[in-house]
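The task is to assemble the complex, starting from two chains supplied on their own in separate frames and drawing on the hints.
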Amino acid sequence: MVSTKFEQGTVIAQETLTPSIVRTLIHAPNIAAEALPGQFVNIKCGAPACYDPLLLRPFSFNRVDSEGGTFSVLYRVVGRGTELLRHVRIGDKLTALGPLGKGFVLPEQSKQMEPAARPSVLLIAGGMGIAPFYPLATALVTHGLEVSLLYGARLSSDLADKSELKALGLRVLCCTEEQRGECSGLVTDLLQATIDAGDRFDLAYACGPRAMLSAVKRVCKDAELPLQLSLEEHMACGLGVCLGCSCERASDEGYWHVCTDGPVVWAEEVKL
Amino acid sequence: MSAKLTTALCGMSLSSPVLSASGCYGYGREFDKFYDLRLLGAVVVKGITLRPRHGNAGRRLVETPAGLLNSIGLENPGVEGFIANELPFLREKGGC
Ligand SMILES: Cc1cc2nc3c(=O)[nH]c(=O)nc-3n(C[C@H](O)[C@H](O)[C@H](O)COP(=O)(O)OP(=O)(O)OC[C@H]3O[C@@H](n4cnc5c(N)ncnc54)[C@H](O)[C@@H]3O)c2cc1C
Ligand code: FES
Numbered sequence: 001m002v003s004t005k006f007e008q009g010t011v012i013a014q015e016t017l018t019p020s021i022v023r024t025l026i027h028a029p030n031i032a033a034e035a036l037p038g039q040f041v042n043i044k045c046g047a048p049a050c051y052d053p054l055l056l057r058p059f060s061f062n063r064v065d066s067e068g069g070t071f072s073v074l075y076r077v078v079g080r081g082t083e084l085l086r087h088v089r090i091g092d093k094l095t096a097l098g099p100l101g102k103g104f105v106l107p108e109q110s111k112q113m114e115p116a117a118r119p120s121v122l123l124i125a126g127g128m129g130i131a132p133f134y135p136l137a138t139a140l141v142t143h144g145l146e147v148s149l150l151y152g153a154r155l156s157s158d159l160a161d162k163s164e165l166k167a168l169g170l171r172v173l174c175c176t177e178e179q180r181g182e183c184s185g186l187v188t189d190l191l192q193a194t195i196d197a198g199d200r201f202d203l204a205y206a207c208g209p210r211a212m213l214s215a216v217k218r219v220c221k222d223a224e225l226p227l228q229l230s231l232e233e234h235m236a237c238g239l240g241v242c243l244g245c246s247c248e249r250a251s252d253e254g255y256w257h258v259c260t261d262g263p264v265v266w267a268e269e270v271k272l
Numbered sequence: 001m002s003a004k005l006t007t008a009l010c011g012m013s014l015s016s017p018v019l020s021a022s023g024c025y026g027y028g029r030e031f032d033k034f035y036d037l038r039l040l041g042a043v044v045v046k047g048i049t050l051r052p053r054h055g056n057a058g059r060r061l062v063e064t065p066a067g068l069l070n071s072i073g074l075e076n077p078g079v080e081g082f083i084a085n086e087l088p089f090l091r092e093k094g095g096c
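Line by line, the protein sequences are chains A and B. So in the working numbering the end of the first sequence lands on 272, straight run, no missing numbers. So in the working numbering the end of the second sequence lands on 96, straight run, no missing numbers.
No false leads were slipped in.
Cross-link-like lysine to any residue pairs, in silico, SDA-like; alpha carbons within 20 Å at most:
#1 K33/B - E34/A
#2 K5/A - E30/B
#3 K102/A - D32/B
#4 K102/A - E248/A
#5 K102/A - R29/B
#6 K162/A - A139/A
#7 K33/B - Q8/A
In silico contact screen, one side only, chain B against chain A (beta carbon under 8 Å); selected entries:
#8 E30
#9 G55
#10 R59
#11 R60
Derived coverage of chain A by chain B (criterion: at least 3 residues anywhere in the stretch with Cβ under 8 Å from a Cβ of chain B; other residues may be distant):
#12 45-56
#13 232-238
The set of hints was computed from the structure by calculation and includes no laboratory data. Remember, it's a predicted structure, so these values are computed and weren't measured experimentally. Quick reminder that beta carbons are idealized off the backbone N, C-alpha and C, glycines included.
With the rest of the complex left out, here is chain B (with noise of 0.2 Å):
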């Protein structure tokens, strides 16, 4: 990655200022088969809670034109999960 692109963000030295959106890009593994996402500056995770929750019941997801909306409710493994289960995979691929 050229020097050009480096960007330091609230104290961290990121390769590039392109960040994926919280949300729609889960914890990142899910896009490891499409390309090295060590091009990216950083992962930006979903949400995380202290504990897991299960989301909402019921349907998720509205089409709108152009666009979409959703009402997870926040699905998410919680910290531990996360630590246990997302981090060691996003720290070797470079994440801190």
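Pulled out of the complex, with its shape left as it was, chain A reads as follows (with noise of 0.2 Å):
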């Protein structure tokens, strides 16, 4: 049962990362005290008494840090409500709905993985689908297990928290769609040719755009590797009233909602 709560947070920093991504540290100690990886939280973008933009903003847990009471998310700035939460200032409050949503299934919790003696696991990213990684990389890392990361992103500088997830022990591999540098092309290619060249993992999870994740499907099907996807949809309420984040169900007619029945999900039990 997840112990949602609206909280008043205080920025504590702003960090820019790029021009167009942006990590924001919130004080919020209600939240972070129960914030699991993979959850996501609602924040009003914009001044307290203004109701314009209306709809809170999704954002998945970057970074927590439940005894110091506070959270990060990591974002690009795509339109007005995130326009304005980069322009947030260090003491600036925040109202915050959260933790939202079901985390990710950790493999000792899994009953789709065969029992493996360190069980090996894959983390695929497509741009700011790395966000919720970092929370999820440290438990499975702490947890003693072997961590690969294939990510991908439009421009090598996009590549948010690379150094951090190669610090944690993971094996990091990147690609973006530069013809320089880092190797060069779409993430679902080098998740084939890490699969071609025989790597073999026993859990896989990835976040990202959805023509993405529903390649990254395929691709997980055809090995046979089970994949937990962190989904992203239109949302208004989060928390399962409006029921406007639908996204069809794959064994029967009918909808998921993403904010109370996701954001993760099994592969096999969504539409693409």
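And the structure:
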């Protein structure tokens, strides 16, 4: 049972990683105390009394320090809400609603995975799909698992969190759409090449744009690799009330609601 | 609740004239974690159809300046589903 709360948080730090990628660190101890990897938080972007934009914006937890009472969100500035959020200043108050949704299922909780002596886990991130992976990777490494990350972005400067994830001990392979530097191409090609090269994994997690998730799902299905997806959908309430964040179920007619049934789901449960 | 707030509506006596608006309040359950639902005069639930409906395919929400347009397509569990799964909770919270 998720213990969701509204909390008035305080901005502790604002880090501009690239002209369009920002990390905001917020002190909100009640939310931080319960946030799990893969869950998300809705943040009101803009002045407290301003109702335009009306809807709170959903962001994955990118860092959580439950003892220090803080969490951060890592985001790309894509529209009005994120533009307002990038301009908050240290000490500003932000209304947040969280933690929300179901997070990642860790290998020891997973029935889909074959038991293995030291399970090998693969993370696959496209663009800002990297955001929820630092807390997940921390949990996996703490459990003594071997963790690899395939990470694709448009530009090499967009590869946020790459060195921090390497520093956790992950094997990190990156690709960008640039023709120089890192391997060039899409992360789904990198995934196929990694599997074709004979690398074996017991469980995979993916987060990124819908088209990427759909391609990752196909490749993992062929490789018989159990896969969890972190989905994004347009949201209003985040609480399972408005029924706006639907995603087609795979097994029967009808829909999941990404804010409460997800955002993390098993790949075989959804039609993408 | 003060007697002054007691309100009569369609033959029902409500402890308060403050009601949730239909559609944005689900079946009440989702808000129980935030405050005591008994503070409301009534919970107005989402629209319920005779048979269950899955709702609309595709994108259901679009934000507008200071507002929201939605086209959910009356997704609901149907009368029987509502009676079996939602009504007991509402009764427990004082609904009739
Ligand atoms: C569970 C969840 C977790 C998320 N985590 C992160 C995160 O950690 N980092 C991050 O950068 N982004 C994340 N997002 C996406 C983020 O919520 C949107 O980018 C943000 O709400 C855009 O707000 P805006 O006002 O700046 O843009 P808007 O002006 O509202 O929209 C700008 C553009 O972004 C598109 N967009 C807006 N919201 C969504 C959405 N929910 N899904 C897909 N496209 C959308 C719009 O269609 C439009 O094209 C997450 C979304 C969900 C549902
Ligand atoms: S956002 Fe309202 S039900 Fe998911």
